[in-house]
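Participant: The sequence shown lines up with residues 429 to 551 when you count with the working numbering.
Since the hints were derived computationally from the structure, they do not count as laboratory data. All of these numbers come straight from a predicted model, not from anything done at the bench. Some hints could be false.
[What the hints assert, rightly or not] Label-pair restraints from in silico Cβ distances:
{"no.": "1", "residue 1": "LYS550", "residue 2": "GLU481", "range": "24 to 32 Å"}
{"no.": "2", "residue 1": "THR482", "residue 2": "GLY545", "range": "29 to 37 Å"}
{"no.": "3", "residue 1": "ASN491", "residue 2": "ASP544", "range": "30 to 38 Å"}
{"no.": "4", "residue 1": "GLY545", "residue 2": "PHE485", "range": "30 to 38 Å"}
{"no.": "5", "residue 1": "LYS537", "residue 2": "ASN493", "range": "15 to 23 Å"}
{"no.": "6", "residue 1": "ASP544", "residue 2": "GLU514", "range": "19 to 27 Å"}
{"no.": "7", "residue 1": "PRO484", "residue 2": "THR546", "range": "28 to 36 Å"}
{"no.": "8", "residue 1": "THR546", "residue 2": "GLU514", "range": "17 to 25 Å"}
{"no.": "9", "residue 1": "ASP544", "residue 2": "THR492", "range": "29 to 37 Å"}
[Stated by the list, open to error] Restricting the straight-line Cα-Cα distance to at most 20 Å, the calculated cross-link-like pairs of lysine to aspartate or glutamate (EDC-like) are:
{"no.": "10", "residue 1": "LYS523", "residue 2": "ASP504"}
{"no.": "11", "residue 1": "LYS524", "residue 2": "ASP504"}
{"no.": "12", "residue 1": "LYS510", "residue 2": "ASP540"}
{"no.": "13", "residue 1": "LYS523", "residue 2": "GLU536"}
{"no.": "14", "residue 1": "LYS523", "residue 2": "ASP486"}
The beta-carbon is built from N, C-alpha and C at its ideal position, and this holds for glycine as well.
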Amino acid sequence: MTETESSPKVVASVDVKVIEEVTKPVVAEVKAPVQEEPKVVVPLVEEKMPSLETAPFDPRFPNTNQTRYCYSSYLDFYRCQKVKGESYKPCQYFKKVYNSVCPNSWVEKWNDQREDGTFPAKI
Numbered sequence: 429m430t431e432t433e434s435s436p437k438v439v440a441s442v443d444v445k446v447i448e449e450v451t452k453p454v455v456a457e458v459k460a461p462v463q464e465e466p467k468v469v470v471p472l473v474e475e476k477m478p479s480l481e482t483a484p485f486d487p488r489f490p491n492t493n494q495t496r497y498c499y500s501s502y503l504d505f506y507r508c509q510k511v512k513g514e515s516y517k518p519c520q521y522f523k524k525v526y527n528s529v530c531p532n533s534w535v536e537k538w539n540d541q542r543e544d545g546t547f548p549a550k551i
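Turn these sequences into a full structure, and let the hints guide you.
Facilitator: Spelled out as structure tokens, the structure:
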């Protein structure tokens, strides 16, 4: 072997090592001091959250369209209040149902009609 033939091999291996060293990622671990988070004591507040429920199933209205169920519950609430008085608690069931099933715009419209005396049903 001649000197020129062995030189390129050595140079090539040196070049590869240099490239490998340059391309290796440098990983440095930095550990920050661990600080404990301050404990916050929150007093328990016992507030009554309104229970969100939907109207229960009524076998008189088995279909998907609940328009009649809405309207009947609205009428039943005001009829119950008229007969039994405003303080009668079981009437609130009908109010809960119509508030759950009826669109708010309908209830507002019906309330306005009742106030004006133009509501189409007898209460």
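Participant: For every hint, state whether the structure bears it out.
Facilitator: Structure-based check of all given hints:
1. LYS550 / GLU481: 24 to 32 Å: 29 Å, holds
2. THR482 / GLY545: 29 to 37 Å: 32 Å, holds
3. ASN491 / ASP544: 30 to 38 Å: Holds: the Cβ-Cβ distance is about 32 Å, inside 30 to 38 Å.
4. GLY545 / PHE485: 30 to 38 Å: 35 Å, holds
5. LYS537 / ASN493: 15 to 23 Å: Given a distance of about 19 Å, which is inside 15 to 23 Å, the answer is holds.
6. ASP544 / GLU514: 19 to 27 Å: 20 Å, holds
7. PRO484 / THR546: 28 to 36 Å: Given a distance of about 32 Å, which is inside 28 to 36 Å, the answer is holds.
8. THR546 / GLU514: 17 to 25 Å: 22 Å, holds
9. ASP544 / THR492: 29 to 37 Å: 32 Å, holds
10. LYS523 / ASP504: 9 Å, holds
11. LYS524 / ASP504: 11 Å, holds
12. LYS510 / ASP540: Between LYS510 and ASP540 the Cα gap is close to 18 Å, so the pair holds against 20 Å.
13. LYS523 / GLU536: 13 Å, holds
14. LYS523 / ASP486: 15 Å, holds
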